[in-house]
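Take each chain as given, in its own frame, and dock them per the hints.
Same order as they appear, the protein sequences are chains A and B.
Those letters in the first sequence? Residues 1 to 353, by this note's numbering.
Those letters in the second sequence? Residues 1001 to 1236, by this note's numbering.
Simulated from the structure, these hints should not be mistaken for laboratory data.
We put the beta carbon where it would ideally sit given N, CA and C, even for glycine.
There may be inaccurate statements among the hints.
[As the list claims (entries may be wrong)] If you only want the chain A side, here are some residues facing chain B, beta carbon under 7 angstroms, derived:
#1 33
#2 47
#3 335
Spelled out from the first residue to the last, the chains are:
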Amino acid sequence: MRVLGIESTCDETAASVVELRPNGSGAILSNEVHSQIAEHAAYGGVVPEIAARAHVEILDHLVRRALDKAGLRFSQLDGVAAAAGPGLIGGVMVGLTTGKALALAGAKPFMAINHLEAHALTARLTDGVDFPYLLLLVSGGHTQLIAVRGVGEYTRIGATVDDAIGEAFDKVAKMLNLPYPGGPQVERAAQTGDPTIFDLPRPMLRRPGADFSLSGLKTAVRLEIQRLGRTPRPNDVADLCASFQAAVVDVIGDRTRAGLRLFREQFGPPQALVVAGGVAANQAIGHALSRLSTQTGVKLVIPPPGLCTDNGAMIAWAGLERLRLGMTDAMDFAPRPRWPLDAGAQRSHNGKA
Amino acid sequence: MRILALDTALPAISACVLDSGATEPLVIESLPMERGHAEALLPLIERVMAQVEGGFASLDRIAVTVGPGSFTGIRVAISAARGFGVALDIPVVGVSTLAAFAAPLVLGPKPAQERESALPGVIVSAIDARHGQVYLQACSQTGAILLAPTVLPLAEAIDKLPPGPLRITGSAAPLLAIAAWSGHRAAEVEGEIVATPILYVARLGMIADPEGAPPRPLYIKAPDVKPPSPFRFSFA
Ligand SMILES: Nc1ncnc2c1ncn2[C@@H]1O[C@H](COP(=O)(O)OP(=O)(O)OP(=O)(O)O)[C@@H](O)[C@H]1O
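For reference, chain B alone in the conformation it holds in the complex (with noise of 0.2 angstroms):
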């Protein structure tokens, strides 16, 4: 199976390609970036495809991350991904973005047998919410999920965790070992901290059921509705 992996949850947009049994990628590329996701996205996997023999028609299934992240960016990449699954007509499978950080650490970068310990504890995934709040996932060093993806105050988040040492891994990392610390509270920060790392988008969403994986975007956060006041819009 070959899979197209495409993000844009957090301020990066990546893809990459990648065949299954390979442990390397036909093609990856992943350009930090603030805003302008929508512009940039689809110029990156232009030219991620171009060197992919086959092109489109030689991709089996696309996954896409579907947040938690920005709003807008779950939406760039999870527009593109279905778009590209309409025009093949492949499957197209969501990962979180929780998942996608935890899945180094889960996985390994190298086989469990090859690392040097066996590295008990808790995984954590933490992705900067904003306004002093975290997105938060826990999965023991199996995968199993400890604490299910959910929206924290960074002061609260310490607490609704499980007992053990911490791994912390995702764009609030830092953030959150700091708190761990502060409480006394053994942890570690490991693994990617700044762009979802895209491999792993790829390699969960291989594995991914198509039916149980859809492409849906996983807010977490309700959207923020103002009270109702006589506005409208226009543009030109």
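Bound-form chain A, shown alone (with noise of 0.2 angstroms):
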């Protein structure tokens, strides 16, 4: 059984074809990724209708690529899945569009895909992981602790209450100067940093429940800079990352293992602790929840980090795995720039989890 998989929720345009394996795990036989990131850095932030042009502009070549690079034919796939959403809603209607299309004009099982469930389910594509597990997903957008029970079943444990933590990285960045997107660049500077030279507090540390909360230690970091007096020298900006980074490892290693314990209570021991979104490439991060794996004893899974960023392969991947079970959907699917993954999740404080 083979997919193709389209992603343009956000500022990468991608296609992928998967194939299910006779023994229930994924094969991906093409992944073509295109980053917006130089479009887009002018303005430190990702641009609505410049993405929406982006991705008009060369979504059907990555198809074709995709396909090429498969060695298929069209007429070869079993099923089209394209993102329907979350995300900016002028790309979720290009590649949802050319999804549908395609499906359509060759007669093929069309898959609308939430690109959080794609998240949620591609250990399953690199590890085989069984459910149930629990998932940490960290990005740009979104921090959560989700509960995956089965394909379409799951149950946020715990959420960020203002801002992401990729989003919190690329303001620190911003703050500081760094080019965007500022996540991996507070990572290198941290490197040389020492983590001692700023006392940031650490939000939420040991609150029962399991959100998290990144917008003071945010202002924290402001008031340091502003403290500081003059503009931050090289040294200042290896402290402060470093110091920053520090703070974010010790917020993540609390909330994950107390989501963990409420994961436990309520669906019994997981399978696996799952990484996903473009934070999860962050070392630091890493290694915090591999010490939380080993004293846990519950196996962490990071996909590796090109699967971890929004890519072509998760979406055809969650499109098998919603295909093998039955779940199509019809022409009239609308786009959702907002869907949450657990339907019955009343909204988070500022829509931001």
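Here is the structure:
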């Protein structure tokens, strides 16, 4: 069984073909990604209209390339999946409409995929993880702990009440005049810094529940910069980044530990702790989570960086998981700029979870 | 040649299937629609193609309007058209909405010799660009371009048009005609003033050279980009 997956919810245009092997595992036959970082860099963030224009320009070429690299003709596919949200509506419309058109003209099943669900299921593609497991989703737009119990069965255990973690990295980078996207820059600068120079808060530490809060930490960094009374020198930048990252590491460790506890109470022992989202590339965070994994005895799965950030393979895989359960979608499926994974969840405090 | 034409650039969604040599389309459907193009377009095409013997496999070419019009709408039809192009491995050609509006006046609803008058004058296609602006194109009665597609404030548009009586078509035709009359210029509103004439999108698509008419958006306006701000998007 082979499915084409299309992703265009933010600033990456992607297309990929994934095959379901008889043993239930997945094989990525092709995985084409075009990043728009260069187009948005001048604005310090993703500009929706620029993103939408870039998606429509290139998506059909990426689909052709994904088919070529997989060595397949379109007719040899068994289904088409496209991300239908959550995300920037202009871009979602491009990918969703392209996917529907491919499916309609080729008389193939169509699957409208929740981008977050695709992140959540990636560990099954890469590592064959069994249900149920705890997902830590940490990206520029999301910070959530989710119990993944089955395809379409998700329960939110915790989420940020304000900024996402990647967003906090990006904002701190911006305050320190580091280029966009800031996460990798902050990590690099932190390597030469001393994390004990600045005493930054660890919001929510040891609080009941498993929610996150990042905005106080971000504000504390701003205050420390002001207190310096000068433009931060390279060593200030390094120390601030190291201190900030150390605080984030502590927060993630504490909140994930709390999440694992809540998971056990509600659903029994998890099969794994799975990390997804661009922030999963951060090594300091990775190390902290692997310590947590050793302490708690829960297997840690971090898919390779290219599959943690936005990509088409995760959409194709989620499509495969749905197709084999007969969960297909109609041609009138509307784009969903907001689309929480757990249908029953109450809206988070500011919609930023 | 059998062509499928699509349009969602203006407040309508339309599709039609035309065979070369035929004057009437095999199927044609057009629905006025302010929003929701992305949800409605594929179901409409599904209905249209269900009435075509041979279905999608019988198509030789796709024509799609590339704008100017709603940025989002332009992208919906182009995404669908390009998707069909990949799935069916057939050419996709882009047709401008301004050209499609002008086409019935140039090609005529009737052959030239049957028309009541030769109707000299400048054929103007005008589409509302909001904020007091219009997308504009002018051509001669033989279709030669006199003013290339552009966007102008309504107040300036009339002065930029070549001399002669104006035959104005398109969604902003009434607005532009009023501007012309108040400047004591002869002007008439003709042809379509709501939806892009989809049959003419098909006709123009049929004669277009795929190399010279790629299905690329014709936005005319640059994206509205706000100054940098530390924003992020999150959705769930
Ligand atoms: N090494 C790193 N350390 C910390 N943060 C990082 C690192 N690498 C990337 N990031 C952050 O990850 C984010 C990008 O992640 P990703 O591409 O998964 O998500 P996104 O496009 O922001 O949104 P979405 O939530 O819709 O998936 C950015 O905020 C970036 O700064």
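**Report entry** Unmet hints by their number, sorted upward, for this structure
**Finding:** Of the numbered hints given earlier, the structure breaks just one, which is hint 1.
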